[in-house]
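Student: Spelled out from the first residue to the last, the chains are:
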Amino acid sequence: MERIDTIRKISEELTSELVVCNIGFPSRELHYLKDSSTHFYMLGSMGLASSIGLGIAMSTKRKVVIFDGDGSILMNLGSLVTIFNQNPDNLILIVLDNECYGSTGSQCSYASTVNLGNVAEAVGFKNNFFFDGNEKELKFKEVLNTCGPVFVHFKVKPGNANVPVIPLEAVDIKDRFMDEIKK
Amino acid sequence: MDGSQAVYNTLKQSEINFVVSLPCVNLDKLMKMVEADEDIIHVPVTREEEGFGICAGAFMGGKKPAILMQNSGLGNSVNALASLFELYKLPILMIISHRGTDGEFMSAQIPMGNATPKVLDALQIPYLNPKTPDEALKLIPKAWNIAETNGTPVGILLSIKFW
Numbered sequence: 195m196e197r198i199d200t201i202r203k204i205s206e207e208l209t210s211e212l213v214v215c216n217i218g219f220p221s222r223e224l225h226y227l228k229d230s231s232t233h234f235y236m237l238g239s240m241g242l243a244s245s246i247g248l249g250i251a252m253s254t255k256r257k258v259v260i261f262d263g264d265g266s267i268l269m270n271l272g273s274l275v276t277i278f279n280q281n282p283d284n285l286i287l288i289v290l291d292n293e294c295y296g297s298t299g300s301q302c303s304y305a306s307t308v309n310l311g312n313v314a315e316a317v318g319f320k321n322n323f324f325f326d327g328n329e330k331e332l333k334f335k336e337v338l339n340t341c342g343p344v345f346v347h348f349k350v351k352p353g354n355a356n357v358p359v360i361p362l363e364a365v366d367i368k369d370r371f372m373d374e375i376k377k
Numbered sequence: 533m534d535g536s537q538a539v540y541n542t543l544k545q546s547e548i549n550f551v552v553s554l555p556c557v558n559l560d561k562l563m564k565m566v567e568a569d570e571d572i573i574h575v576p577v578t579r580e581e582e583g584f585g586i587c588a589g590a591f592m593g594g595k596k597p598a599i600l601m602q603n604s605g606l607g608n609s610v611n612a613l614a615s616l617f618e619l620y621k622l623p624i625l626m627i628i629s630h631r632g633t634d635g636e637f638m639s640a641q642i643p644m645g646n647a648t649p650k651v652l653d654a655l656q657i658p659y660l661n662p663k664t665p666d667e668a669l670k671l672i673p674k675a676w677n678i679a680e681t682n683g684t685p686v687g688i689l690l691s692i693k694f695w
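From first to last, the protein sequence lines stand for chains P and X. In the numbering used here, each number is its position in the first sequence, counted from 1, plus 194. In the numbering used here, each number is its position in the second sequence, counted from 1, plus 532.
Source of the hints: derived by calculation from the structure; they are not laboratory data. Among the hints, a few may not be true.
[To be verified] Here are some of the chain X residues that sit facing chain P, going by a computed Cβ distance under 10 Å:
no., residue
1, K564
2, M592
3, E680
[To be verified] Think about it this way: if two alpha-carbon atoms lie no more than 25 Å apart in a straight line, the pair counts; the simulated BS3-like pairs of lysine-lysine are:
no., chain 1, residue 1, chain 2, residue 2
4, X, K670, X, K561
5, X, K544, X, K561
6, X, K544, P, K255
7, X, K621, P, K377
8, X, K693, X, K544
9, X, K544, P, K376
10, P, K349, P, K330
11, P, K376, X, K621
12, P, K349, P, K320
13, X, K663, X, K621
14, X, K544, X, K650
15, X, K663, X, K674
Values in this document were obtained by computation on a predicted structure and should not be read as measured data. We put the CB at the ideal spot given by N, CA and C, even for glycine.
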């Protein structure tokens, strides 16, 4: 499955969940598919999607869904250790794993030789899901109804959709997102 | 009043309620006070940059965040400070044990100690440098006001002789 199709299918299941989306094409693809005040698009701070999501999850009761990537989580593996220890029941970390640094030209990452789902399990994550990307029907509701912290390892094809840059200013993304949280 | 108590009092006065930390020998007592405080969520982190990401999320979720770290952690966090905190105009109070300053016994601390104010200057991050617990009591409450009003990190550099 292409990453944009995966993001589309998961997004279709989301309602009031807060979404943190990784830097680069994942955020561009999500914005192209659907823009919402529940979305926090990461325009910088490579590697920190899971950390930003953890901070939000620990400060609100709302469910937080993080679209992260293999290169990103490899850059911040310590985040898995912190999330496991803080144990937020409202956090779902989805690693869209294309085994490469997609936004910079699809250079290989070590996710082709290291199974990130096994890493999460070794850290201690109890509620883990694996999708190989060949699912005919994606039953994501079960993931959303599982008590967190949830780790979702989702294999996707390398490559980016031809979608434009997000036409929003960072401060406007933040202000809109904070207003949404205050609701 | 000792330095740790003075800093803790100002965190309370500033209504800081979310703290991430990595240890420094000079922050040991302050970290224990924060950990024991039921009104503060304390999150030990594995690397300072991760802590900045968590604090960014916590602020957006309604908390008033601070980080306790050694100045070496500033070096670990430069990209997050520029492309997350500056870009999105996010506030955070940075309580920094500034090693490599007057009285340092370990020569290995000196390069990053010397670089620390210059790194903050390069990032255009304002910082205050209280020399005594009394000065800390006066200056740190102003720091959070600056951070919140301007949407910026503010550093508190606490050199070796402060403790």
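Student: Broken hints, numbered, in rising order?
Tutor: Numbers 1, 3, 13 and 14, in rising order.
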